[in-house]
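The working numbering applies: residue 1 is where the sequence shown begins, and numbers increase by one.
Hints were generated in silico from the structure; no laboratory data involved. Only a predicted model underlies this, so the values are computations on that prediction, with no experimental measurement involved. Yeah, the Cβ is synthetic: ideal placement off N, Cα and C, and Gly gets one too. You may find that some hints are simply not true.
Pair by pair, the computed Cβ-Cβ distance ranges are [as the list claims (entries may be wrong)]: (1) E62 <-> S26: 36 to 44 Å; (2) E62 <-> A15: 21 to 29 Å; (3) L19 <-> K112: 27 to 35 Å; (4) L65 <-> L30: 32 to 40 Å.
Here are the simulated lysine-lysine pairs, BS3-like style, with alpha carbons at most 30 Å apart [said to hold, decoys possible]: (5) K11 <-> K38; (6) K108 <-> K66; (7) K91 <-> K48; (8) K17 <-> K66; (9) K66 <-> K96; (10) K48 <-> K5; (11) K3 <-> K20; (12) K108 <-> K91; (13) K17 <-> K39; (14) K38 <-> K3; (15) K112 <-> K91; (16) K112 <-> K95; (17) K112 <-> K66; (18) K108 <-> K96; (19) K95 <-> K20; (20) K91 <-> K66; (21) K108 <-> K95; (22) K39 <-> K5; (23) K17 <-> K48; (24) K3 <-> K17; (25) K66 <-> K20; (26) K20 <-> K96; (27) K38 <-> K48; (28) K75 <-> K96; (29) K86 <-> K17; (30) K75 <-> K86; (31) K20 <-> K5; (32) K86 <-> K39; (33) K48 <-> K66; (34) K112 <-> K75; (35) K86 <-> K11.
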Amino acid sequence: MVKEKQIAVAKEYLAGKTLKGIWVNSEGELFSSEDLAKKSDEDAEFVKNTKGDETSKKELSEEDLKLLEDTELTKENYQVMASLIKAFEIKTTDKKAETFIEALTQFKESLKTV
Numbered sequence: 001m002v003k004e005k006q007i008a009v010a011k012e013y014l015a016g017k018t019l020k021g022i023w024v025n026s027e028g029e030l031f032s033s034e035d036l037a038k039k040s041d042e043d044a045e046f047v048k049n050t051k052g053d054e055t056s057k058k059e060l061s062e063e064d065l066k067l068l069e070d071t072e073l074t075k076e077n078y079q080v081m082a083s084l085i086k087a088f089e090i091k092t093t094d095k096k097a098e099t100f101i102e103a104l105t106q107f108k109e110s111l112k113t114v
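Using the sequences plus the hints, can you model the full thing?
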C-alpha cells in the first residue's frame with residue numbers, strides 16, 4: 001500500500017519537472033511506466049504533477065489556440081489535429097480525420113460563444 005511518505009517522494013521528484021506525473025510503489029520506487037510499476041507492486045499509484053501545472057497549461061493553451069486558429073482542418077493535417085484533440089482533452093468516438101475535423105470545428109465554435 002502506497003502511503004503519504006511515498007507520495008511525498010514522488011511529489012518531490014516531480015517538483016520543477018514538466019512530467020504529467022509518475023508512478024510510485026509502496027517502497028518509494030519511481031516508475032514512468034504503469035506496467036513496470038504494477039509489476040513491482042500491484043498497489044502502485046500514479047502521482048500527478050500539480051506544481052507549475054497552471055502556468056505551463058496556460059502557456060500551452062495559448063500556443064495550442066494559436067495553432068488551432070492557424071491550422072486548416074483537413075485530412076492532410078491529421079497529425080496536427082490529433083495533437084490538438086489531445087491538448088484540449090476533447091473526447092471523440094473514434095480517431096478518424098472526419099471526427100477530428102467535426103470535434104475541432106465544434107470546439108472552435110464554443111470558443112467564440114464564451
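Hints and how they fare:
1. For the pair E62 and S26, the supplied restraint of 36 to 44 Å holds, since their beta-carbon distance comes to about 40 Å.
2. A hinted range of 21 to 29 Å for the beta carbons of E62 and A15 is consistent with their spacing of about 24 Å.
3. In this structure the hint that L19 and K112 lie 27 to 35 Å apart at CB holds, the actual value being about 34 Å.
4. Under the hint 32 to 40 Å, the C-beta atoms of L65 and L30, about 33 Å apart, fit the expected range.
5. Taking the CA atoms of K11 and K38, the gap is near 19 Å; set against the 30 Å cutoff, the hint holds.
6. With a C-alpha separation of about 11 Å, the suggested pairing of K108 with K66 holds against the 30 Å cut-off.
7. With a C-alpha separation of about 20 Å, the suggested pairing of K91 with K48 holds against the 30 Å cut-off.
8. With a C-alpha separation of about 25 Å, the suggested pairing of K17 with K66 holds against the 30 Å cut-off.
9. Proximity of K66 to K96 is assessed by CA-CA distance (about 23 Å); at most 30 Å being required, the pair is judged to hold.
10. For the given pair, K48 sits about 15 Å from K5 by alpha-carbon distance, which is consistent with the 30 Å threshold.
11. For the hint linking K3 to K20, the alpha-carbon distance of about 20 Å falls within 30 Å, and the restraint holds.
12. Taken as a hint, the K108 and K91 pair is honoured in the structure, with Cα atoms around 14 Å apart against an allowance of 30 Å.
13. A hinted pair counts as satisfied when its Cα atoms are at most 30 Å apart, and K17 with K39 qualifies at roughly 25 Å.
14. Proximity of K38 to K3 is assessed by CA-CA distance (about 16 Å); at most 30 Å being required, the pair is judged to hold.
15. About 19 Å separates the Cα atoms of K112 and K91, which keeps this hinted pair within 30 Å; it holds.
16. Note on K112 and K95: the hinted pairing holds, with a Cα-Cα distance of about 25 Å set against a maximum of 30 Å.
17. A distance of roughly 14 Å separates the Cα atoms of K112 and K66; the hinted pair therefore holds under the 30 Å criterion.
18. For the hint pairing K108 with K96, the CA-to-CA distance comes to about 18 Å; that is within 30 Å, so the pair holds.
19. Proposed proximity of K95 and K20 is supported: the alpha carbons are some 23 Å apart, at most 30 Å.
20. For the given pair, K91 sits about 20 Å from K66 by alpha-carbon distance, which is consistent with the 30 Å threshold.
21. Simply put, K108 and K95 have alpha-carbon atoms about 18 Å apart, close enough for the 30 Å limit, and the pair holds.
22. In summary, the hint linking K39 to K5 is supported, as the alpha carbons are separated by about 21 Å, within the 30 Å threshold.
23. The suggested pairing of K17 with K48 holds, with an alpha-carbon distance near 11 Å, which does not exceed 30 Å.
24. Proximity of K3 to K17 is assessed by CA-CA distance (about 22 Å); at most 30 Å being required, the pair is judged to hold.
25. Pair hint K66 plus K20 holds up; C-alpha atoms about 22 Å apart against a cutoff of 30 Å.
26. As the CA atoms of K20 and K96 are separated by approximately 26 Å, the hinted pair is consistent with the 30 Å bound.
27. A threshold of 30 Å between alpha carbons decides the hint, and for K38 with K48 the separation of about 16 Å falls inside it, so the pair holds.
28. For the hint linking K75 to K96, the alpha-carbon distance of about 9 Å falls within 30 Å, and the restraint holds.
29. The suggested pairing of K86 with K17 holds, with an alpha-carbon distance near 20 Å, which does not exceed 30 Å.
30. With a C-alpha separation of about 17 Å, the suggested pairing of K75 with K86 holds against the 30 Å cut-off.
31. At most 30 Å may separate the alpha-carbon atoms for a hinted pair to count; K20 and K5 meet this at roughly 20 Å.
32. Between K86 and K39 the alpha-carbon distance is near 28 Å, which keeps this suggested pair within the 30 Å criterion.
33. Distance hint between K48 and K66 is fulfilled; the C-alpha atoms sit about 27 Å from each other, no more than 30 Å.
34. Distance hint between K112 and K75 is fulfilled; the C-alpha atoms sit about 24 Å from each other, no more than 30 Å.
35. For the suggested pair K86 and K11, the alpha carbons sit about 24 Å apart, so the restraint of at most 30 Å is met.
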